[in-house]
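Given chain A, work out where chain B should sit, using these hints.
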Amino acid sequence: MKLSGLTWLIVGLSVGLVAFGFAFFQHKQPNDTLAGFYKSTAEKLDTEIAKKKQAENRLKLSKEMVAERAQKWRETVAWRTPPMNVNDGGIDLDVNSWQLTVDTQRFRNNIQRAVNRQVRKGGVMVEQGPDVPSADLNAPGILANYYNYPALPYPIVIFDLGQIVVRGNYAQITENIRAWSSMPNYLAVADGLVINGTSPNLVGTYNLSIVGYIRGTKIYPAVPEGAGGGQAPGAAAAPAAPVSTGRRGGL
Amino acid sequence: MKLNLLPTYVSKEKQAKTGVVLGVLFAVVGIAAAVGMIVVSKGDRDRAFAEMESKKPDHLRVVAISKAADTVITQAKPIITNINLAEAMTAHNTVYADLFDQIRQYIPSFYRLTSISATPASAEGASVNLTGVIQTQQQYADLMLALLRIPGAVNVSRDGYQIVSAQVPALTADDQSGRPLKPGEGQIPDDPEQRLNYYISQGQLTGFLDVSGFGGEPGQRGPMPDWSVVNITVILPAKLMTPNPRATLASGGGAPAPATGGAPPAPGTGRGGREDGGG
Numbered sequence: 001m002k003l004s005g006l007t008w009l010i011v012g013l014s015v016g017l018v019a020f021g022f023a024f025f026q027h028k029q030p031n032d033t034l035a036g037f038y039k040s041t042a043e044k045l046d047t048e049i050a051k052k053k054q055a056e057n058r059l060k061l062s063k064e065m066v067a068e069r070a071q072k073w074r075e076t077v078a079w080r081t082p083p084m085n086v087n088d089g090g091i092d093l094d095v096n097s098w099q100l101t102v103d104t105q106r107f108r109n110n111i112q113r114a115v116n117r118q119v120r121k122g123g124v125m126v127e128q129g130p131d132v133p134s135a136d137l138n139a140p141g142i143l144a145n146y147y148n149y150p151a152l153p154y155p156i157v158i159f160d161l162g163q164i165v166v167r168g169n170y171a172q173i174t175e176n177i178r179a180w181s182s183m184p185n186y187l188a189v190a191d192g193l194v195i196n197g198t199s200p201n202l203v204g205t206y207n208l209s210i211v212g213y214i215r216g217t218k219i220y221p222a223v224p225e226g227a228g229g230g231q232a233p234g235a236a237a238a239p240a241a242p243v244s245t246g247r248r249g250g251l
Numbered sequence: 001m002k003l004n005l006l007p008t009y010v011s012k013e014k015q016a017k018t019g020v021v022l023g024v025l026f027a028v029v030g031i032a033a034a035v036g037m038i039v040v041s042k043g044d045r046d047r048a049f050a051e052m053e054s055k056k057p058d059h060l061r062v063v064a065i066s067k068a069a070d071t072v073i074t075q076a077k078p079i080i081t082n083i084n085l086a087e088a089m090t091a092h093n094t095v096y097a098d099l100f101d102q103i104r105q106y107i108p109s110f111y112r113l114t115s116i117s118a119t120p121a122s123a124e125g126a127s128v129n130l131t132g133v134i135q136t137q138q139q140y141a142d143l144m145l146a147l148l149r150i151p152g153a154v155n156v157s158r159d160g161y162q163i164v165s166a167q168v169p170a171l172t173a174d175d176q177s178g179r180p181l182k183p184g185e186g187q188i189p190d191d192p193e194q195r196l197n198y199y200i201s202q203g204q205l206t207g208f209l210d211v212s213g214f215g216g217e218p219g220q221r222g223p224m225p226d227w228s229v230v231n232i233t234v235i236l237p238a239k240l241m242t243p244n245p246r247a248t249l250a251s252g253g254g255a256p257a258p259a260t261g262g263a264p265p266a267p268g269t270g271r272g273g274r275e276d277g278g279g
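For the protein sequence lines, the chains are A and B, in the order given.
For what it's worth, the numbering used here labels the leading residue of the first sequence as 1, then goes sequentially.
For what it's worth, the numbering used here labels the leading residue of the second sequence as 1, then goes sequentially.
The shape of chain A in the complex, shown without the other chains (with noise of 0.2 Å):
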């Protein structure tokens, strides 16, 4: 059988097409889309490279804001926490908990001395004075209840002290209320101020937090308490030699 003329024509031409459909659809469409995600990206990537000089400013800009907050700090801790021992007016937690309710309660009577030092300057009078708390004898429970470890990172003091009322004409009271920004080994802050009177027999009122940071690097282990339940031997309760616990952070 003869093919006509014609038939050539549209097999060739149909060869031409189908090899012409192959190569744009299965070849060139996909790499063109890759090639142009490749671009992209790599406008992406230019985009971020020409960051660097902003990257690199960022991270002096970071080390030195770190150093400075850290000098700050270091400077801080210096004269607004606590003594790291009992007789210097502050407290070590490296000792074992039955000890700790005694100094415990020697580090309270410290800071209420040091409250009471703090709350007449200024030279008022004192009408209400802050109380601080004082511990109770349970000795595995003084570091939860009274130093709040490890409900926070690190064992803190921090007395909600209520009201505290003084009485002296507005310069005193303005002077009583400032001074707390200077309290010696602890952080103070004073809230809610108000001033009641006629002049110069005024009476003010505020409120008052403290927060003392406490200084150390190790905590005695916990120990027993209380009798009933027994411990069997070998249980996990003798107190052992002081030992660093798992706290982090270099206290």
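No lab work stands behind these hints: they were computed from the structure.
In this text, all values refer to a predicted model and were calculated from it rather than measured experimentally.
Please note: incorrect hints may appear among the correct ones.
[To be verified] Below are the DSS-like pairs computed for lysine-lysine, each with C-alpha atoms no more than 25 Å apart in a straight line: (1) Lys-39(A) to Lys-53(A); (2) Lys-42(B) to Lys-55(B); (3) Lys-52(A) to Lys-63(A); (4) Lys-17(B) to Lys-44(A); (5) Lys-39(A) to Lys-182(B); (6) Lys-60(A) to Lys-56(B); (7) Lys-52(A) to Lys-67(B); (8) Lys-60(A) to Lys-42(B); (9) Lys-56(B) to Lys-51(A); (10) Lys-56(B) to Lys-44(A).
Using the frame of chain A, we list chain B on its own:
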């Protein structure tokens, strides 16, 4: 008229040859174009890929620098939280006194204060409450203008003034003159005898009244007779929000106080930490 004397197969063979040639030509062109497209597009793709790959090392370096900055901040977050809290607490002790000092400059002398307090209305605003005594309605009006001079004062509101000034009454049968009367006073008759009796009935002790804390021990003095206690509320910009140490520290921030008060602990050794605002 022209006659085609050639046999019919002669023209058909010629057409078939042309068709074959054109068919082959189309097929070859199509295949060549296909091959060309494949080669060119693959080349473009490979070049784009190579270009992208060549930028990755630089990009990774920039990312590493950026991450290093984040790490520096993250590791120092406990220290930053603590010092920010300490500074916020220290700064807060003066905000009330400073605010009162600022406001006192704008309190006119005729307004005798007996109480001043302030409460935070928002993170950036505060409501200052003043209580004091004034004598006249004119002072009540002037007081508002005086307090609106406080820089940034958004609103000043007042209440408490009691009108004590005399007012002209309506006429009655006994009083055809309409003499001004203070609140609570009866009308003054026109008849001279009745008027005399009226004044006699109004007679009272005019000595020291011993009211509102005047006399005796020093203390708060209230309003004198015919004075009023006036409450003023001033809304103005002021940051009175109190730092909350417990919430701030409980939120996870906080670096321990170093044992020696010297170098701070190595960054990242604290237990994570986000700043609670710290005040």
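Hints, verified against the model:
Under the criterion of a C-alpha separation no larger than 25 Å, the hint pairing Lys-39(A) with Lys-53(A) is consistent with the structure, at around 23 Å. Among the hinted pairs, Lys-42(B) with Lys-55(B) is consistent with the structure: their alpha-carbon atoms are about 20 Å apart, no more than 25 Å. A hinted pair counts as satisfied when its Cα atoms are at most 25 Å apart, and Lys-52(A) with Lys-63(A) qualifies at roughly 16 Å. At most 25 Å may separate the alpha-carbon atoms for a hinted pair to count; Lys-17(B) and Lys-44(A) exceed this at roughly 57 Å.
Note on Lys-39(A) and Lys-182(B): the hinted pairing is violated, with a Cα-Cα distance of about 91 Å set against a maximum of 25 Å. Of the pairs offered as hints, the one joining Lys-60(A) and Lys-56(B) holds, with about 23 Å between alpha carbons and a cut-off of 25 Å not exceeded. Restraint check: the Cα-Cα separation between Lys-52(A) and Lys-67(B) comes to about 12 Å, which is no more than 25 Å; the hinted pair holds. Pair hint Lys-60(A) plus Lys-42(B) does not hold up; C-alpha atoms about 44 Å apart against a cutoff of 25 Å.
A distance of roughly 14 Å separates the Cα atoms of Lys-56(B) and Lys-51(A); the hinted pair therefore holds under the 25 Å criterion. Distance restraint check for Lys-56(B) and Lys-44(A): the Cα-Cα separation of roughly 11 Å lies within the 25 Å cut-off, and the hinted pair is therefore satisfied.
Of the numbered hints given earlier, the model fails hints 4, 5 and 8; all others are met.
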